[in-house]
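So the protein sequences, as listed, match chains R, G and Y. Quick note: the first sequence, position 34, residue 34 per my numbering, numbers continuous. Quick note: the second sequence, position 68, residue 117 per my numbering, numbers continuous. Quick note: the third sequence, position 86, residue 359 per my numbering, numbers continuous.
The hints are simulated quantities; they were obtained by calculation from the structure and are not laboratory data. Since the structure is predicted, the reported quantities are computational estimates derived from the model, not experimental observations. Don't take every hint at face value.
What the hints assert, rightly or not - Just some of the chain Y residues that point at chain R, by a computed CB distance under 8 Å:
| no. | residue |
| --- | --- |
| 1 | 324 |
| 2 | 332 |
| 3 | 375 |
| 4 | 488 |
| 5 | 502 |
| 6 | 503 |
Stated by the list, open to error - Far from chain Y by the CB rule (all over 12 Å, computed), these chain G residues:
| no. | residue |
| --- | --- |
| 7 | 69 |
| 8 | 88 |
| 9 | 159 |
| 10 | 183 |
We treat Cβ as the ideally placed atom computed from N, Cα and C, and that holds for glycine.
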Amino acid sequence: MHWESWDSFFKMGGYGFYVWLSFGLTLLCLLIEWYGLRQRSKDLQEHLE
Amino acid sequence: MKILDLLQTLFWRDIQLAMRRQSDVVAVVFFFIVTVSLFPLAIGSSPTLMRAIGPGVLWVGALLSTMLSLTRVFASDFADGTLEQILLSPLPLSLIVGVKILAHWIVSGLPLIILAPLLALQFDIQAKEIGILTISLLLGTPLLCLIGGIGAALTLGIRGSGVLVAVLVLPLYIPVLIFGAGAVTASMNGMDPKGALSLLGALLVLAVAFAPIAIATSLRMALD
Amino acid sequence: MNFNWFLFSSPKTFYPLAGKIAPVCMFLASVLFLIGLYIALFVAPTDFQQGEAYRIIFVHVPAAWMSMWIYLVMAAWSIVGLSLNSRLSFMMAQALAPTGAIFTFLALVTGSLWGKPMWGAWWVWDARLTSELILLFLYIGHMALQSGIENVKRADRAGAIFAIVSAVNVPIIYFSVKWWNTLHQGASISMNKAPSMAMTMLIGMLIMALAFWAYSIGIALIRLRCIIGEREREAAWMIDLREDH
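Please put together the full structure from these sequences, using the hints given.
Structure (structure tokens):
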């Protein structure tokens with residue numbers, strides 16, 4: 001742990017926008033993929049009944 | 050040699066069929082000329098700029114023209130049932146495919162190779178580079194036909210196959226484009242084009258060896 | 274141990290197995306993610322030259338690795354499918370493609386987001402990024418081909434052939450793009466100018482890569498179950514399964 005404060009953590013030495021957008025987009029894409037598949041599965045189950 | 054006779058018959062038949070549909074051939078050639086002219090109109094025509102973009106523009110034009118003609122390779126035979134007959138033949142399908150691609154190249158690729166030096170003059174490309182351009186196209190256009198043949202066979206008879214062929218085949222064309230145009234550019238910058246040209250040659254050998262097999266397999270799938 | 278490898282090679286037998294494995298993978302992925310993110314954001318030291326922006330490599334590089342690995346696995350399953358004529362192998366290849374495409378997309382976007390603060394441009398035509406872009410085209414082509422053919426059997430096989438042909442081409446493409454780079458740029462702006470790897474950075478990237486890998490397997494299995502369900506809906510065993518609920 002080497003951050004002085006939460007503030008400096010969020011700012012990421014001035015690069016906050018790029019770093020957080022990168023990590024955020026990654027998480028978002030994977031979550032959307034997972035959620036989308038769950039929907040597809042649910043639709044399939046409903047359709048099959 | 051009965052096999053050679055059969056292949057020769059096939060070859061000349063394909064050539065004759067293509068000759069009867071001259072408008073197709075002319076259209077592709079015309080497309081090449083017009084596309085190449087679009088670039089100076091879009092970018093500007095200073096001599097240094099022309100020389101810099103010339104090889105690339107000519108290569109892209111040849112590539113796109115070849116791609117346009119791809120759907121024709123198997124489409125007409127597919128439509129009139131000849132392809133099914135060919136599949137029943139005792140000849141190895143890869144050989145037949147090779148012959149068809151050869152005929153297709155002569156009709157679609159060779160005109161481009163003949164025209165390219167003339168168009169190269171529009172870009173103020175020097176004689177030495179024009180020679181290298183011609184060699185690169187001689188090696189490259191058969192490559193494009195072989196790779197493109199795979200795309201054409203995979204998408205045979207599908208709706209919207211024209212665009213789909215492009216989507217499949219253009220990424221695979223990129224190394225050919227890089228080495229082809231790169232050979233000319235290398236020479237322009239004082240480097241030895243032989244490296245790029247030999248790579249192109251190596252790719253051609255690989256394609257001649259393996260593409261017909263892939264095409265034959267794809268054709269069987271399309272007709273099952 | 275005499276294990277019948279072909280026991281699970283039919284959709285019917287693999288379907289329940291996939292259902293059991295997938296949640297385990299997703300759980301593993303979540304755990305690995307948390308560990309990896311912790312290392313990436315808290316443990317790994319600040320880079321002297323690149324400041325905090327370098328932390329993007331903890332998602333950029335693993336995503337790029339996954340994008341290439343998944344394409345290889347797709348091609349492998351395609352070969353298995355064509356040689357053994359097993360539907361499940363083709364379905365597996367189809368299940369992997371979208372995930373691979375997403376990782377390729379992420380590799381490109383995070384590459385841009387890293388490149389902008391580092392080299393001032395949203396896009397640099399460096400060999401690796403350009404090859405990733407072409408890989409994305411290949412993924413899209415594969416998916417377009419499979420969805421463009423109505424006959425399922427033909428779609429599977431056509432996709433398989435394309436996967437194999439394009440997988441073989443990937444090293445050729447990479448090599449040609451590298452050559453192209455040296456031809457035109459000389460002094461290359463290279464994404465390889467990553468900071469010299471401290472051990473923690475390497476471990477962090479590896480753990481993130483493992484997290485992505487576990488995630489890929491889990492997600493692919495979930496998608497595979499959807500594909501099986503959609504294709505086999507009329508099969509007797511599927512109907513039995515439904516009636517059991």
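Outcome of the hint check:
1. 324: 4 Å, holds
2. 332: Interface hint status for residue 332 of chain Y: holds (5 Å vs cutoff 8 Å).
3. 375: Holds, about 5 Å.
4. 488: The hint holds - residue 488 of chain Y has a Cβ within 8 Å of chain R, the shortest such distance being about 6 Å.
5. 502: 5 Å, holds
6. 503: Holds, about 6 Å.
7. 69: The claim stands: residue 69 of chain G keeps its Cβ more than 12 Å from every Cβ of chain Y (closest is about 31 Å).
8. 88: Residue 88 of chain G is indeed farther than 12 Å from all Cβ atoms of chain Y, at 18 Å.
9. 159: 25 Å, holds
10. 183: Holds, since 20 Å exceeds 12 Å.
When each numbered hint is compared with the structure, no violation occurs for any of them.
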